[in-house]
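> Residues per chain are reported as follows:
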Amino acid sequence: MAPGGFPGELEQMILLAVLRLGGDAYALAVLRELDARAGRRLSRGALYKTLDRMERKGYVRWSQEVATPERGGHPRRLFEVTPEGVEVLRTSRAALERLWAGLDPVFGRPA
Amino acid sequence: MRHPPRLPEALLRRCLPFGTVGDSIVGDAREEFAEYVASRGALPRLWYWIHALGIAGPYIREAVMDTLLKDIKFGARSLSKQPGSALISTLILALGIGLSTFMFSLIYGVFFRGLDVPEPDRVAVMAGINTREANQNQVSISAHDYMDYRERLQSFQGLAGYRGGTVNLSDEEGPDRFQGAFVTANTFDVLGVRPVLGRSFAEGDDTPGAAPTVLIGHHVWRDRFGSDPAVVGQSARVNGEMGTIVGVMPEGFKWPSNHDVWVTLDDDPLSRPRGEGGSYQIIGRLADGVSWDQASAEVARVAAQLEQEYPELNEARSARLLTFSESQNGDEITVIFTAMMVAVLLVLLVACANVANLLLARAASRTREAGVRVALGASRTRVMIPFLAEAFVLAAAGAVLGTAMAYWAVGLFDAATAPALTGRPYFMVFQVDAPILAWVVGITALTTLLAGVAPALQMSRTDVSSVLKDESRGSSSLHLGRLSRVLVLAEVALSVALLVGAGLMTKSIVQLRTHELPFDETAYITARAGLFEADYPERADRQEFWDEALRRVRSRAEVADAALSSSVPGDNAGGARIRLDGQVYDEPTDRPITHIQIVSSEYFDLMGATLLEGRGFTASDLQDEDPVVVVNQSFSERFWPGSSALGRRFRTGTADTIPWLTVVGVVSDLQMEGFQPRGSPSSVPDGFYLPFTQSDPSFMNVLARPVSGAPLALAPTLREAIRGLDADLPLYDVKTVATQIYESSWFYQVFGSVFIVFGAAALFMASVGLYGVLSFSVSRRTQEMGIRMALGAGSSQVMKMVLRQGGLQIVFGLLLGLVMAAGVSSAVGALMFEVNPRDPVVFGAVVVVILIVGLAASLVPARRATRVDPMVALRSE
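Residue numbers (the working numbering), protein chains in the order written: chain A, 9 to 119; chain B, 388 to 1264.
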């Protein structure tokens, strides 16, 4: 099991979205990805706080992108998932898969 | 618009973390704003405000919770390092909060809880006023005026009239007498209260001449009728007339005050000339959508119409709307409760001053900590918060303890003033419930501020450079010292004021307990009965009834003596204005107020009064003879000082047709004023007696003294005598005269005790405060003391120096306090029995007590100062 327990549902979703976005994972892109893929609309505040928290846990880190004029000179943060982040996702997925195993008769095959 | 509005962006930036993280979030917001504008979204400014709030929300919440909790935890931890001072502070605040909560519970119960009816704030009492009188006392509204108001006023759903009285109910079970209200049929519609059994009054029940319909109280139903549902529809004689019980009111309902049964009004005031139809008290329910102000304006308008239409009767008459509580609470009770509330708020202030002081002492030792924090860039607010947090921890602990204390005290007070004991109105409920707890929350916040702001402000003013340069005690601690000395001075002053109040109250209670009436109140039984016109239409019938009743009682072997009286001796006899022969009175209110009592000829002997002049009443003082009067000693001395009262004449009322009363005797005083608070017009001791043979009283007390044994043992004798004459006539208020006297003087004891507690709390606080401050200032001056002693100062000189500092605060506090005490004592004058509000003994005693406590509180630190070892002191830091 992961050292800090399993990541929460929202944390997992954000981690996955960041991974999917590859090198383009800045906050607004993560929001759009979550909306598009998972139908999950997040408040800005909740997203930023969750990212901060996952940074403290060591699941994500960010690098600063050079400021652009349309952002009024404000920098942009690009997020990436750390190896620890990948590891907790893997552990969590494995645990879930073990739990799902054998339950097809109940749910049917996923599409 | 390319840029988002500046203000919300700046605010957002402030809420976000420092550095790139925050900057990048602001950048994201800009980007989104630009997209929104590009997509031609509506109201971009508003959109940005909402957007920014959504981003900042979680940050703000976290920051507040985080730092606040941290500060509170930190405060609790730092307080626990000095558990002694924390415990004392908690106790002090608990006392302050507890007392003020107790007092608020009483005030809430008396003034604000109001009637337990639907939408009580829509129920208004219409009170008549005399526009010429400055104090706007309530005057009654005539029945004719009521009818006109009812017809003309549009602002009310309904306007009900009622008057209080006595209701005798009698059926096969025998007669019983109840406190009743005679009401118009719409009364309970106006109040919005339905019976739990049977029906309410219906239109037509109050038609003139209709048989009385009766609603009974729940407790009457339970106690008198054994909760039998068949009571509905049962017939009973109501004050001599056959009537029907139609329903049972809900449990606890005793409107308007302490009433047991309600009977429809069936008189026909309109059949009599205007002005002679009696009067009503009026209560109404505002119509939907009508504001209190609109209704008041309409009432004033109709009153003005009536004044114009009936100038003779309604001159200077108007009416105004009061809440039910307002209409029930006289000025006196308002003054008393205001005085007591002021007193407890003073106690709370003292408590806050004390705790502020203790916190200041703690703060002083942390001046450097604050200085360092400011130097490192902490804002002033940030430096203040830990001190406020400490105050909050203390206040919260004090609130918990204080609420428990208040809960207990309110229970005691409720029991001591139980309606059965004191006739307290039913709507005054004293309990600690939601509104009271809301008060506790508010007062705790206030306490936190009061106790915490002074130290916090002081700390935030810390002068960084001087603190950091100063190796030991910065100059800032001197500022702290000055503030704390002012607080102690204030504390001593407040304590003096409260102690004087408490001292006067103690004296009053002692006075009351040792007060000797001119007769032995435990030796007599009293019982009351009332005759109704329906049963005794002729004056001669009533006279004969009373004569015969008294004769029967007196003929019994177990009765030593008996008499009739309109009031119970030792109780207030009731007031009357008189006009002396030869005097002219410009205004009706110029006529002097005195006491009036109607008695039978045996009364003076029975009560052991001494005949000082002339004669008492005799069997020949009959109705057809010239009216005679016996006055008491005080009356004679007040109106005819230095000369004989015999043969003098005066009369009551205002009409010239009222016959003169001629004084035939003077008797010693029998405390006709009862136990009225000093200063009220009816507290004068003078009064006069009318022979019952020349008066026509409907209600009388039978007073009797047994040959031997307990007076209450005569109760069956009295009952038998009355029942033998009239089986339907109930005898009520059967008790000893001593019980009756307690019922009219209990409030001196109850409120007096409350005040004594206030005073004791204040004394405790003042001594703790004085000790705390002096010992703090001594400890701050250890080094100075050491130097003084190293330079040759003797220990007595050092001691004197410390004592002088304490002494100055005490003396100034005392002087200020005595001035305040003069105000407090006048305000509570109404609660004191036979005590001069300027009583020199009490004032003197308080001065002595404060001096002793002050000296003791200063002596301990002073002795410690003399024990300072110069070497240790000089080496320290």
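A portion of the hints provided could be inaccurate.
[Said to hold, decoys possible] Taking lysine-lysine and the DSSO-like style, the derived pairs with C-alpha atoms no more than 30 Å apart in a straight line are:
{"hint": "1", "chain 1": "A", "residue 1": "K57", "chain 2": "B", "residue 2": "K457"}
{"hint": "2", "chain 1": "B", "residue 1": "K460", "chain 2": "A", "residue 2": "K65"}
{"hint": "3", "chain 1": "B", "residue 1": "K1122", "chain 2": "B", "residue 2": "K894"}
{"hint": "4", "chain 1": "B", "residue 1": "K468", "chain 2": "B", "residue 2": "K457"}
{"hint": "5", "chain 1": "B", "residue 1": "K641", "chain 2": "B", "residue 2": "K1122"}
{"hint": "6", "chain 1": "B", "residue 1": "K457", "chain 2": "A", "residue 2": "K65"}
{"hint": "7", "chain 1": "B", "residue 1": "K894", "chain 2": "A", "residue 2": "K57"}
Just so you know, these hints were derived from the structure itself, not from any lab.
Since this is a predicted model, take the numbers as computed values, not measurements.
> Check each numbered hint from earlier against the structure, then list the numbers of those it violates in ascending order.
Hint 7 is the one this structure does not satisfy, whereas the remaining hints hold.
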